[in-house]
Amino acid sequence: MSIECINLTKRYGNVLAVDKLNITFDEHKLSILIGPSGCGKTTVLTMLNHLTSITDGDIRYDGVSIKDIDPIELRRSIGYVIQEIGLFPHMTVYENIATVPRLLRWPEEKIRKRVDELLELVNLAPDQFRNKFPSEVSGGQRQRIGVARGLAADPEFLLMDEPFGAIDPINRERLQDSFLEIQRRIQKTIVFVTHDIREAVKLGDKIAILRQGRLIQYDETLTVINQPENEFVENLLGSDRALKGLELVRVRDSFDTNFFSLPAGNALTAKKALEQLRAEHRTFGFLKTQEGRLWGYVLARDLERADSEHSIDDLAKSVESILPYGTLMEAITLMVTTGLTSVPVVDDHDIMQGVIRFRDVFDKVAELAGTADE
Amino acid sequence: MITYLSQNSSYVLEKLGQHVMLFLLSWILAMAIGMIIAIISTRPGNEQIGKILIAVTGAAQAIPSIAVIALSYIFLGIGATPAVFALFIYSLVPITFNAASGLLNVDPAMKRAARGMGMTNTQILFRIEIPVSVRPIMAGARSAATITIGAATIATVIGAGGLGDIILIGLRLMELDMILAGAVVTAALAVAVDGLLALLERVTISPGLVTKEI
Chain R
1 MSIECINLTK RYGNVLAVDK LNITFDEHKL SILIGPSGCG KTTVLTMLNH
51 LTSITDGDIR YDGVSIKDID PIELRRSIGY VIQEIGLFPH MTVYENIATV
101 PRLLRWPEEK IRKRVDELLE LVNLAPDQFR NKFPSEVSGG QRQRIGVARG
151 LAADPEFLLM DEPFGAIDPI NRERLQDSFL EIQRRIQKTI VFVTHDIREA
201 VKLGDKIAIL RQGRLIQYDE TLTVINQPEN EFVENLLGSD RALKGLELVR
251 VRDSFDTNFF SLPAGNALTA KKALEQLRAE HRTFGFLKTQ EGRLWGYVLA
301 RDLERADSEH SIDDLAKSVE SILPYGTLME AITLMVTTGL TSVPVVDDHD
351 IMQGVIRFRD VFDKVAELAG TADE
Chain Y
1 MITYLSQNSS YVLEKLGQHV MLFLLSWILA MAIGMIIAII STRPGNEQIG
51 KILIAVTGAA QAIPSIAVIA LSYIFLGIGA TPAVFALFIY SLVPITFNAA
101 SGLLNVDPAM KRAARGMGMT NTQILFRIEI PVSVRPIMAG ARSAATITIG
151 AATIATVIGA GGLGDIILIG LRLMELDMIL AGAVVTAALA VAVDGLLALL
201 ERVTISPGLV TKEI
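Protein chains in written order, with our numbering: chain R, 1 to 374; chain Y, 1 to 214.
The hints are simulated quantities; they were obtained by calculation from the structure and are not laboratory data. Don't take each hint at face value.
[To be verified] If the Cβ cut is set under 8 Å, some of the chain R residues that face chain Y in the computed set are:
id, residue
1, LEU16
2, ALA17
3, ASN49
4, SER53
5, ARG75
6, ARG76
7, TYR80
8, PHE88
9, PRO89
10, HIS90
11, THR92
12, THR99
13, VAL100
14, GLN176
15, LEU180
16, ILE182
[Unchecked claim] Over 10 Å on every C-beta distance to chain R, these chain Y residues come out as not near it, computed from the model:
id, residue
17, SER6
18, LEU13
19, GLU14
20, ILE39
21, MET117
22, ALA139
23, ILE147
24, PRO207
25, LEU209
From the three backbone atoms N, C-alpha and C, an ideal C-beta is built for every residue, glycine too.
With the rest of the complex left out, here is chain Y (with noise of 0.2 Å):
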């Protein structure tokens, strides 16, 4: 397998770029998305509507990656475009699940206390409940990116590109290396974006949400 990276570097390293591409735009835009519907669902007089948003995500989690990808191409047709749409609706789920999970739970008796404050309901967002929140919000990112980079192996299949070209060949050619470099690689990178969001986690929250209780 070293062998197999180190003779073939520049090609991993494509397929690497073009993994972390299908990764970022997906992931970003769900982010994005994501916490706008969280925002959105969980206002005061929507929390019904949180509610639903909640349940269906929460079932939504269960869908096979493949099928999202699978259906992605009965409408989209090949190429990287439907499989950022796939990865961008299949992490989709875990931010928002996760972001509207946490908006949700923030202390009404805090609420009402920033409001009884004269906070207007943009402030008691991004001051109180967005901050309040960024352990549950910062664990659906963190869900998100693991799944996306796992799952993008698979767009493979639609023509997309990433390291599951790697993987792919090695499975056609029997080549046991290329399919374990390209696991490898994939892993690899999980794990270190996990760890960089771990890092940003840990600088954005507040270290009186992380002491405890005397």
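So here's chain R without its partners, still in its complex pose (with noise of 0.2 Å):
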């Protein structure tokens, strides 16, 4: 289920907008394409569901020749997502969702359920938004809907130009999260145009970076961020791409499972927590209950100023963790606001399963930037 783009070109007048551009957008996977304006991002995107026609060249989807579907029925089976803008004012949420079901005669029944699925799948609650129009919603929310309306027929294959665009950043920042997370569970093979490198980074399987109609450098995004093509590639992902990288690094690659810990539940005074701190020539311990869920944490120097028979529980504070698919990028920023050069890595369930610390996270940045250490 690939989309395959052959000598793609698509001149306007004397202007080549796409130059043969040759691009293959694997199945399953969230392709990026991403340039400065001007670069044929969108015309590619575009090309892609016959809303601009193709020069020269041709696209396959699955082999099959974009010149003998018929546009109509091939839009009606591509998902098209663009900013909340395009959502229909004058529908309901319901009838937003419904509409690429409706124009392909799906029972009223079927496209109901349909309806209730999508909004779960994009956390809204179907009772809540099924009859609200567009301009009773926020923004984020409308961008959800758009996603929904999107997949409504279940399609293969996503098309998405700049859905995030008009986001508020903070809002932008929970729709990629959540995106990324229903990405992950419906498994399409989607085409994402955006101009934000850092969104493109941040979603990317692969990145496929345009200029002046032509491609740059088409790789896995980690690819992308360690080898960039050139100059201009460099120049796009900007001066802190190892910062960028420390984004698409999870926790879980990273973090140590072997870890020192202190016990918590009333088990130790501080005198001996103190002797045991030392012992290992720490400055601090994290606290594990005895079902292993993270407790807090102690400074040694505390302990060394309370009551020596006083019990450790009692001195812990407490202390932010990070889940193992979390990433590096929020691991560091935890450790700048908290003080602390590790942080406890817990699971779902608050069970600490490791430690993540901070000079792993640098190994990483110098790794990703190329540099060494002295």
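Put the two chains together into one complex; each comes in its own frame, and the hints tell you how they fit.
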């Protein structure tokens, strides 16, 4: 279920908008098209669903040439998501999402079930949102509805044209997170246009960089970051590309399951705990309950000041933890805000899995930036 | 005036009937033709024509109604037909102007989304463009109705009948009551029709286009 562009060309008069593009968008992957404005990314996307005609070359859906597919049929079989302004204001959320199923003449009962299913998928309570109009919901919610509408007829392919572009940065992050989660479940073949390199790095399995209608580089996201093809790509990534890489690497690939901890549950006095910390040359330690749950942490210097027979439970401070599928970027942010050189990693049930240390994160930065220690 | 109306109720009703006929014929015809012109001139590829049409009809609204009626008389003679024709032409202008502006102003992103989801041009027109443009379309329809009802009084000079007859005769006889009666009934008709159309607008427009932004 891949999409293959062969020598794809679009000419407007004398202007070459897309120049002999050869690219294959892999099955079940999210591929990003990125580049400065005028690079042809949106033209490519709209050629994929025949909103823009092809001057030369071909597009093949599973080997079938786009020229042999009826444009209307084609568009109904491909999800299409644009900025939230693309919602139809005179239709309810339900009617908006039902657009393509209705064009395909699904029975209303099937449509109703599907709309509810999709609203659940994008985290909107069906009973609450079904009958609302786009003007009655927030921008972020509108965008979720747009995603649901694109997925309505369960298409194999999804084309997304800067879908989160008009959303404020905080909500955009949230939308991206939940969209990643959705894609993890639905595994569609997605072509996603953006001009935001952070978004590209965060969402893309692969990134295609376009410039003046030409493909500059097309690789796995981490490869693009590690081995930019040329200066243009480096500039696009920005000077903080190593930091961007941190948004890609998950905690689960870099944390240490071998860690030191102190038992919580009135098991230890301050004096004993201090002895243990000193023996390990540590300035602080995490506390773990018998069930393995994260309790907090104690600082050696607080233990020194405290009554030596005092239980360490009362001296413990609460601590923020991170999940294994959190990013290294989140880990480093947590380290900076808490002032701790390592952060506990817990699972969904708060059971401590290990710790992630600053030096491990920093090693990763060095690796990504291609620099070395002194 | 009240006395005049009560004493001549059957005559006034007859004139009111003629007036309503003049208005309805010309207005319905103008609505139909006006919508067709507006739709054709705003189809993809015709947008340029649409823009020119809006400029022309915008300017044409300044032509006084009596001039149109006079011209119609010159070419078509006297009677109800030239009057209906003149009123039709006259109300065509606001109807086309408003409908074409409404259709042209539909957000291109919305149309692109509709097309990208596999709607045909006809489906985009009837499911998206027209429903979204109900407000400007109805605005044109309402102003055309009001103008036509008013202008129809002038049609009396070319022998079309209607409430204008009462006013004209009143003028000749210097009967203030008659003039007033003709004017008030005409105004009442205009207000009533406008009210009906406002009601129609309220039931045809989607609540989604009325509710305020949160």
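Going down the list of hints, with the structure as the test:
1. LEU16: Because about 23 Å separates LEU16/R from the closest Cβ in chain Y, which is outside the 8 Å limit, the hint is violated.
2. ALA17: violated, 17 Å
3. ASN49: Hint holds; ASN49/R Cβ to chain Y Cβ min 6 Å, cut 8 Å.
4. SER53: violated, 13 Å
5. ARG75: holds, 4 Å
6. ARG76: holds, 3 Å
7. TYR80: holds, 4 Å
8. PHE88: Holds, about 6 Å.
9. PRO89: holds, 5 Å
10. HIS90: This hint holds: HIS90/R lies near chain Y, its Cβ roughly 4 Å from the closest one there, short of 8 Å.
11. THR92: holds, 7 Å
12. THR99: Given a least distance of 6 Å, the restraint on THR99/R holds.
13. VAL100: Holds: closest Cβ of chain Y sits about 5 Å from VAL100/R, inside 8 Å.
14. GLN176: Status violated, d = 21 Å.
15. LEU180: violated, 23 Å
16. ILE182: Not OK, violated: ILE182/R not within 8 Å of chain Y, min 19 Å.
17. SER6: The claim stands: SER6/Y keeps its Cβ more than 10 Å from every Cβ of chain R (closest is about 48 Å).
18. LEU13: holds, 41 Å
19. GLU14: Since the minimum Cβ distance to chain R is about 43 Å, GLU14/Y lies beyond 10 Å and the statement holds.
20. ILE39: ILE39/Y clear of chain R: closest Cβ-Cβ about 18 Å, beyond 10 Å.
21. MET117: Per Cβ check, MET117/Y is inside 10 Å of chain R; nearest 5 Å; violated.
22. ALA139: holds, 16 Å
23. ILE147: At roughly 28 Å from the nearest Cβ of chain R, ILE147/Y sits farther out than 10 Å, so the non-interface label holds.
24. PRO207: violated, 6 Å
25. LEU209: About 5 Å separates LEU209/Y from the closest Cβ of chain R, which leaves it inside 10 Å; violated.
In terms of the numbered hints stated before, the structure departs from hints 1, 2, 4, 14, 15, 16, 21, 24, 25, listed from lowest to highest.
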